[in-house]
Amino acid sequence: MMTRLDGGMIWPSVPAAAIVRAASGGAHFWRVIAEHGVKSFFTAPTAFRAIKREDPEAKLVGDYDLSTLQYLFLAGERADPDTIEWAQRHLKVPVIDHWWQTETGWAIAANPAGIELLPVKLGSPTVPMPGYDVQILNEAGEPLPTGQLGAVAIRLPLPPGTLSTLWNAEARFVKSYLTTYPGYYETGDAGIIDADGYVSIMARTDDVINVAGHRLSTGAMEEVLASHPDVAECAVIGVADELKGQLPMGFICLNRGCERDHDEIIRECVKLVRERIGPVAAFKAAVVVDRLPKTRSGKILRGVMGRIADGQEYKAPATIDDPAILGEISESLAQIGYPHAR
4 MMTRLDGGMI WPSVPAAAIV RAASGGAHFW RVIAEHGVKS FFTAPTAFRA IKREDPEAKL
64 VGDYDLSTLQ YLFLAGERAD PDTIEWAQRH LKVPVIDHWW QTETGWAIAA NPAGIELLPV
124 KLGSPTVPMP GYDVQILNEA GEPLPTGQLG AVAIRLPLPP GTLSTLWNAE ARFVKSYLTT
184 YPGYYETGDA GIIDADGYVS IMARTDDVIN VAGHRLSTGA MEEVLASHPD VAECAVIGVA
244 DELKGQLPMG FICLNRGCER DHDEIIRECV KLVRERIGPV AAFKAAVVVD RLPKTRSGKI
304 LRGVMGRIAD GQEYKAPATI DDPAILGEIS ESLAQIGYPH AR
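Just so you know, the sequence shown maps onto residues 4 to 345 in the numbering used here.
Mixed in with the good hints there might be a few duds.
Taking lysine-lysine and the DSS-like style, the derived pairs with C-alpha atoms no more than 25 Å apart in a straight line are [as the list claims (entries may be wrong)]:
hint: 1; residue 1: Lys247; residue 2: Lys124
hint: 2; residue 1: Lys178; residue 2: Lys124
hint: 3; residue 1: Lys274; residue 2: Lys247
hint: 4; residue 1: Lys247; residue 2: Lys302
hint: 5; residue 1: Lys274; residue 2: Lys318
hint: 6; residue 1: Lys124; residue 2: Lys42
hint: 7; residue 1: Lys287; residue 2: Lys274
hint: 8; residue 1: Lys62; residue 2: Lys42
hint: 9; residue 1: Lys95; residue 2: Lys42
Don't read these hints as lab results, they were simulated from the structure.
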């Protein structure tokens, strides 16, 4: 059971696999898996965060026979460790995070289930697949030491199956992907590679914020916030600050049925970030919201949220799932004094 054209239709047809598509939502997912004997389930982490929010104890899972399910594959955005652990605990199957792009057509980094599963490191899509020479670069295009955050790029040439140009737009292809770091394909993602060669994609490069000269990953902060027991889903953006350049701002969606004081939860979240990332993160501002603005494919519109918080002009992208959410975000920010008067 899969989602999109390349991953959901083309590749499964190669081994003549049966493809089942389902509406999102826990009960729909579990019913389809049970009725059709689904073995591999492919979806985005945001779908599981939504299920976790509505059914934190996964009580609906017990209503269906999911014994045929062998793997859960997550892709399309960063899979936070809390979501992976929740899925593993309740589905009792390997949860495989993998990273790729529409432009590549197949996984850049993954855990090769068809050969042999490697040890899982939560928050990492595991290791680069054969053909991909993944490097972490600084702003000058130089490789960074192990464990340092930077731009994720792929040393050319790209392997077979990836895009080689844009139709009737070769110059735009070169400018978009091959110019920033000569000799490399620019993925637009930021991340790290650890001593074992495991890749971690932390955020889009546009979502790496600069706080008083320190480059910080919003993805790392989101990972911490998501670990709070009352938080179902979250997003962190950078907002303009006259003194430090940027400061992180958190948006928190709570689990259904949570009736605790919002200010208390926010204080706990701020403390968590300070403890796990450090005072350098300068994470002090957050707001509880009912939902986050997303595209129809489930990607959070952090850039639009940042423009709202900074008081800049914005427009709802054509791909947004529900434009009304942007008004809700504006109202929530106004309650804590954003955008600041300049």
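Verification of the supplied hints:
This hinted pair does not check out: Lys247 and Lys124 have alpha carbons roughly 33 Å apart, beyond 25 Å. A distance of roughly 35 Å separates the Cα atoms of Lys178 and Lys124; the hinted pair therefore is violated under the 25 Å criterion. Proximity of Lys274 to Lys247 is assessed by CA-CA distance (about 20 Å); at most 25 Å being required, the pair is judged to hold. For the hint pairing Lys247 with Lys302, the CA-to-CA distance comes to about 28 Å; that exceeds 25 Å, so the pair is violated.
Using a Cα cut-off of 25 Å, the hinted pair Lys274 and Lys318 is violated, with the two alpha carbons roughly 34 Å apart. This hinted pair checks out: Lys124 and Lys42 have alpha carbons roughly 23 Å apart, not beyond 25 Å. Straight-line distance between C-alpha atoms of Lys287 and Lys274 comes to about 9 Å, which keeps the hinted pair within the 25 Å bound. With a C-alpha separation of about 21 Å, the suggested pairing of Lys62 with Lys42 holds against the 25 Å cut-off.
Proximity of Lys95 to Lys42 is assessed by CA-CA distance (about 13 Å); at most 25 Å being required, the pair is judged to hold.
Of the numbered hints given earlier, the model fails hints 1, 2, 4 and 5; all others are met.
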